[in-house]
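Undergrad: All chains, please: the whole structure from these sequences, using the hints.
One line per chain: the protein sequences are A and B, in this order.
So for the first sequence, my numbering puts the first residue at 1; every next one is plus one.
So for the second sequence, my numbering puts the first residue at 1; every next one is plus one.
Mixed in with the good hints there might be a few duds.
To be verified - Some, not all, of what chain A presents toward chain B, calculated at C-beta under 7 angstroms:
| # | residue |
| --- | --- |
| 1 | 258 |
| 2 | 260 |
| 3 | 265 |
| 4 | 266 |
| 5 | 267 |
| 6 | 308 |
| 7 | 309 |
| 8 | 322 |
| 9 | 327 |
| 10 | 442 |
| 11 | 445 |
| 12 | 481 |
| 13 | 486 |
| 14 | 491 |
Said to hold, decoys possible - The list that follows gives simulated cross-link-like pairs (lysine to any residue, SDA-like), each with its CA atoms no further than 25 angstroms apart:
| # | chain 1 | residue 1 | chain 2 | residue 2 |
| --- | --- | --- | --- | --- |
| 15 | B | 56 | A | 463 |
| 16 | B | 56 | A | 495 |
| 17 | B | 204 | A | 482 |
| 18 | B | 154 | B | 217 |
Treat the hints as calculated values from the structure; they're not laboratory data.
Cβ coordinates follow ideal geometry from the N, Cα and C atoms, glycine included.
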Amino acid sequence: MTTDLYQEMDKTRARRTRSGTSASGPASTVAQTAGVKSAPKPAVSLKEHIVEIVSDSGEGAQRCGQSFGAVAARIGNGIWTVEIIPAEIQPPARSIAGASGNRVRLASHRVTNGGDEADLVVAFNEQVLLSRVRAGEIKPNGIVLLENKWRNDGNAAIAASYAQVCEELSSAGYRLYEIPMEEECVKYVPDPRRGKNMFALGMLCSIYSLDLDLAREQVRFVFRKKDEKVIDLNLELLAAGHAWADANLDLKFVIPAVRPREPQVVMNGNTALALGVVASGMEVCAMYPITPATSASHYLSDIFEKVGCVVHQAEDEIAACTFAIGASYAGKCAVTITSGPGLSLKQEALGLAVMSEIPLVVVNVQRGGPSTGQPTKVEQGDLLAACFGGHGDAPKVVMAASSIEDCFYSIVMARKIAETFNMVVVVLSDASLATAQQPFPRPHFNEDWLAPPINQSPVPDGAKPYDWDSRTGLASRFIPGQPNGMHCLTGLAHDRDSHVAYDPEVNQEGIRHRSLKLAALQKTLKAPTLYGDSEGDLLLVGWGSTRGAIEEAVERLRAEDLRVSSMHLKFLQPMASGIRELLQRFEKVMAIENNWCDSLDDELIAEDNRRYSNLAWLLRARYLVDVDCWGEVRGQPLKPGAIVRAARRKLEQR
Amino acid sequence: MTVPLTQCLLRLIDENYTLTDYQSDIAPRWCTGCGDNSILTAVQRLCRDEQLPPEKTVVVSGIGCSSRFPHYMNAYGFHGLHGRALPVAEGIKLRRPDLHVFVTTGDGDCCSIGAAHWIHAIRYNMDMTVLLHDNEVYGLTKMQASPTSPRGLKSNTTPRGALLDPLNPLTVTLGVPNVSFVAQAVDWIPEVLFNIIAQAYRHKGFSFVRVLQRCPEFMDHRFDPWVQDPSKMRLLVHADGVQLKPDISRIYRNQETHDPTDLHRAREVASLTEEIPVGVLYRNSAVPCYEDLREGERPNTPGLIRTVLNEEFDKVTIWPEDGGATAPAE
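TA: Right, dumping it as structure tokens:
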């Protein structure tokens with residue numbers, strides 16, 4: 001494809017600039033020219049496609065992508081959406097760092113992760129497109145729909161950059177379509193920068209044969225807080241995009257959908273966390289704003305007061321944690337929601353809650369670390385900090401959510417454990433789950449999820465605030481207001497009366513009982529089930545948000561007749577019984593994590609200095625099994641394809 | 001059903017709390033002559049006078065000599081982390097406005113490591129009585145300069161004398177929006193100390209009392225000029241503030257009639273350096289309390305939780321038979 005042809009096409013305003021074949025579908029039909037109504041195009045049936053919409057921040061690509069995913073979900077497609085988020089609120093326009101948008105993976109089956117490279121991308125300028133191409137996020141022969149207004153931009157540098165990128169991508173094999181989005185939108189709206197996203201949504205609905213009426217409903221819903229004029233305008237843009245794509249594009253796909261039998265809800269992980277807080281009966285959430293956890297608190301702030309509860313934005317992370325501890329101490333278990341740096345700041349307070357046996361739920365929506373790290377990007381780097389972060393011996397429960405649905409139920413379960421054992425329960429989520437959307441069966445609320453009303457009855461004579469059970473370590477909890485239960489809770493070493501005690505026996509006894517509670521909980525946990533066969537050559541072990549990608553990788557490997565299975569851990573501390581036996585049934589075991597591990601390929605790295613990934617450390621220490629590890633810290637969710645490659649390498653190793 | 005008179009009387013006696021009802025079974029272990037002792041006595045006397053049920057009384061502290069206070073009270077005590085007494089107390093008060101919350105904190109605890117919480121606690125204006133035990137030195141860690149130590153103080157961390165002017169807890173507190181009660185007392189005039197703590201307790205809001213107290217171990221003689229010369233003490237008196245009994249009034253003749261609603265004058269008085277002002281500097285009952293602002297209109301019942309969850313799920317539900325009547329997913 002030559003530049004000449006581009007110019008030719010520009011003159012005739014033909015949109016198709018390169019013929020070729022998509023990996024997901026056969027060759028498309030003949031290019032259409034603008035203004036000519038075509039006969040209905042035959043739709044190519046696909047099992048799945050990955051679509052990205054990227055723009056400058058504020059141009060609405062995220063809203064477009066989310067709406068697209070929601071419409072696909074409503075017809076019964078499996079979906080998984082991934083937000084593409086710049087680190088800044090207003091990054092410079094037309095910059096590689098500023099790409100903002102959404103990836104939507106839609107399929108005729110259930111989708112559990114964002115997949116590998118995208119099949120089709122809609123980009124509002126060539127720079128944001130370039131950022132996705134350079135990151136290796138677009139298939140080499142993928143379809144690119146690019147806003148073409150830059151070709152004739154008054155700024156010669158911009159026009160040149162645009163032309164150059166177009167040429168580069170075309171010669172690299174991308175199927176580039178230059179689309180006059182603004183030119184079309186300006187017919188309906190004075191500032192096409194606002195509204196272009198709905199035009200793009202219309203195009204995508206046409207390309208993927210999605211019901212336009214459903215899309216209209218979605219648009220009405222998205223803009224429900226705006227006035228009628230705004231809604232009508234966006235509906236016009238939606239219809240315009242749809243009509244334009246019908247008339248001018250040779251792209252027509254259909255991804256057969258199966259309507260679910262049970263009602264499904266579609267939401268992201270942070271919304272699920274917030275709803276889990278409501279469903280658990282907790283009454284106080286104390287937090288301090290931190291990315292990527294904050295949107296959970298935003299949503300909770302919106303709905304929590306409706307059930308008479310409070311989101312308290314404290315002056316800092318430490319205050320958020322100690323406020324929650326105070327609320328828990330005098331009432332029902334409270335929750336504090338944070339991300340990595342916040343977890344570090346809360347550690348001393350968590351030690352106090354452990355020491356004084358105050359129930360508390362701590363949610364850590366992990367991001368890239370250490371320090372400020374990558375606030376908007378995913379990483380699973382906080383597992384060891386969650387288990388062992390504080391000073392001294394501070395046993396706490398650590399569990400991880402592995403899907404959007406799991407974000408909801410994990411909170412309900414965490415509250416229950418916290419209050420049953422008077423322990424701190426850390427729930428780990430991450431930036432990937434926080435913003436990803438996926439349908440899951442609508443939960444049926446159960447009153448058993450709630451905490452009972454707090455005990456205000458008199459404490460029997462002779463009862464002690466720490467009447468540790470010698471077998472389980474469990475003790476009762478006296479709540480202020482209970483007559484006869486007065487005692488001074490303290491973070492100092494204390495005896496059963498809560499009296500400060502430096503007696504050697506007392507400290508030994510206190511720590512023993514607090515530790516025993518973890519064992520008591522462990523006895524109630526079931527061994528995890530394996531994905532795949534129960535024995536084989538390689539077992540992949542993961543935790544948290546990587547579940548979908550790992551299991552998809554296992555499926556692909558098993559389709560090649562490779563004897564690979566996976567195990568996903570919900571409880572990281574304590575770990576259920578039976579895990580050692582499962583590990584031993586496999587020739588090789590490898591932890592797959594979105595955190596750092598040294599590579600033995602590096603010259604200085606050997607077995608005796610290698611730093612393992614978080615979970616690998618834990619498994620090796622506990623089970624004395626030679627657990628290898630593979631991970632990435634690219635700030636992206638792990639891709640099934642990358643896991644497949646890592647697993648193949650491991651299988652090939654002698 | 002009528003209750004026999006004797007039973008009524010017995011019950012009255014039973015419910016009539018005496019001083020010992022507020023004393024724990026642990027004897028205070030503060031140094032002889034430490035000002036903390038007189039503050040403890042004043043608080044116990046207040047609890048007795050106000051007949052606060054011990055189970056409804058919570059004393060929260062941080063870390064430091066003064067933060068041992070809750071161990072010596074027969075009440076619910078919370079001896080937590082260094083600097084973090086205030087947010088713990090806020091969490092308690094938010095969910096349990098029925099509890100009487102006291103906070104005891106020291107000059108290191110409140111004005112140094114916990115300074116951020118102090119500033120914000122003033123803003124929240126939650127109903128609690130906060131006693132700043134200010135001896136102008138770190139005692140528990142053995143004699144280091146605190147933020148309120150006088151310039152020039154030789155301590156283990158300032159062997160050649162503290163270099164900086166001290167922070168003035170009164171002016172800082174009076175400078176924060178939403179401030180609603182500020183007073184100062186000294187441990188060596190126990191009658192007035194008690195009077196001020198009682199007024200602080202009765203004020204609805206964040207009642208901040210700085211108590212200057214002697215530390216015989218590390219700051220012996222620090223307040224001698226004021227202890228020995230009552231004329232250097234300025235007593236703030238007012239019909240809505242402290243009213244002195246004749247015997248006290250005869251000793252402390254340096255008195256100023258100060259209207260506690262006068263914020264400007266309160267700040268001037270708070271800035272005195274030669275004289276120590278004692279009394280209620282500022283009171284504003286009109287400032288709303290955070291716990292009242294955040295009070296839910298509806299109780300958190302299982303039925304309500306079910307309703308709200310269903311409302312939220314409805315917004316994002318895909319029904320098996322989509323009749324177009326359901327809300328789209330977000």
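Undergrad: If a hint holds in the structure, say so; if it does not, say that too.
TA: Hint check results:
Contact between residue 258 of chain A and chain B, as hinted, is not supported at the beta carbon level, the nearest pair being about 11 angstroms apart and thus beyond 7 angstroms. Because the closest C-beta pair between residue 260 of chain A and chain B is about 6 angstroms apart, less than 7 angstroms, the hint holds. Contact between residue 265 of chain A and chain B, as hinted, is supported at the beta carbon level, the nearest pair being about 5 angstroms apart and thus within 7 angstroms. At a threshold of 7 angstroms, the smallest CB-CB gap from residue 266 of chain A to chain B is about 4 angstroms, leaving the interface hint in force.
Among the interface hints, the one on residue 267 of chain A holds; its C-beta lies about 5 angstroms from the nearest C-beta in chain B, closer than the 7 angstroms criterion. The interface hint given for residue 308 of chain A holds, since its Cβ lies 3 angstroms from the closest Cβ of chain B, which is under the 7 angstroms cut-off. Annotation: residue 309 of chain A was flagged as interfacial toward chain B, and the flag holds, the nearest CB pair being 6 angstroms apart, inside 7 angstroms. The interface hint given for residue 322 of chain A holds, since its Cβ lies 4 angstroms from the closest Cβ of chain B, which is under the 7 angstroms cut-off.
Against a cut-off of 7 angstroms between C-beta atoms, the interface hint on residue 327 of chain A holds, since the closest Cβ of chain B lies about 4 angstroms away. Look at residue 442 of chain A: its Cβ gets to within about 5 angstroms of chain B, closer than 7 angstroms, so that hint holds up. With a least beta-carbon distance of about 5 angstroms to chain B, the hint placing residue 445 of chain A at the interface is held under the 7 angstroms criterion. Look at residue 481 of chain A: its Cβ gets to within about 6 angstroms of chain B, closer than 7 angstroms, so that hint holds up.
Because the closest C-beta pair between residue 486 of chain A and chain B is about 5 angstroms apart, less than 7 angstroms, the hint holds. Residue-level restraint check for residue 491 of chain A holds (minimum Cβ-Cβ distance to chain B is 6 angstroms; threshold 7 angstroms). Between residue 56 of chain B and residue 463 of chain A the alpha-carbon distance is near 19 angstroms, which keeps this suggested pair within the 25 angstroms criterion. A hinted pair counts as satisfied when its Cα atoms are at most 25 angstroms apart, and residue 56 of chain B with residue 495 of chain A qualifies at roughly 23 angstroms.
Note on residue 204 of chain B and residue 482 of chain A: the hinted pairing holds, with a Cα-Cα distance of about 24 angstroms set against a maximum of 25 angstroms. Simply put, residue 154 of chain B and residue 217 of chain B have alpha-carbon atoms about 14 angstroms apart, close enough for the 25 angstroms limit, and the pair holds.
In summary, the structure is inconsistent with hint 1 from the numbered list given earlier, while agreeing with all the others.
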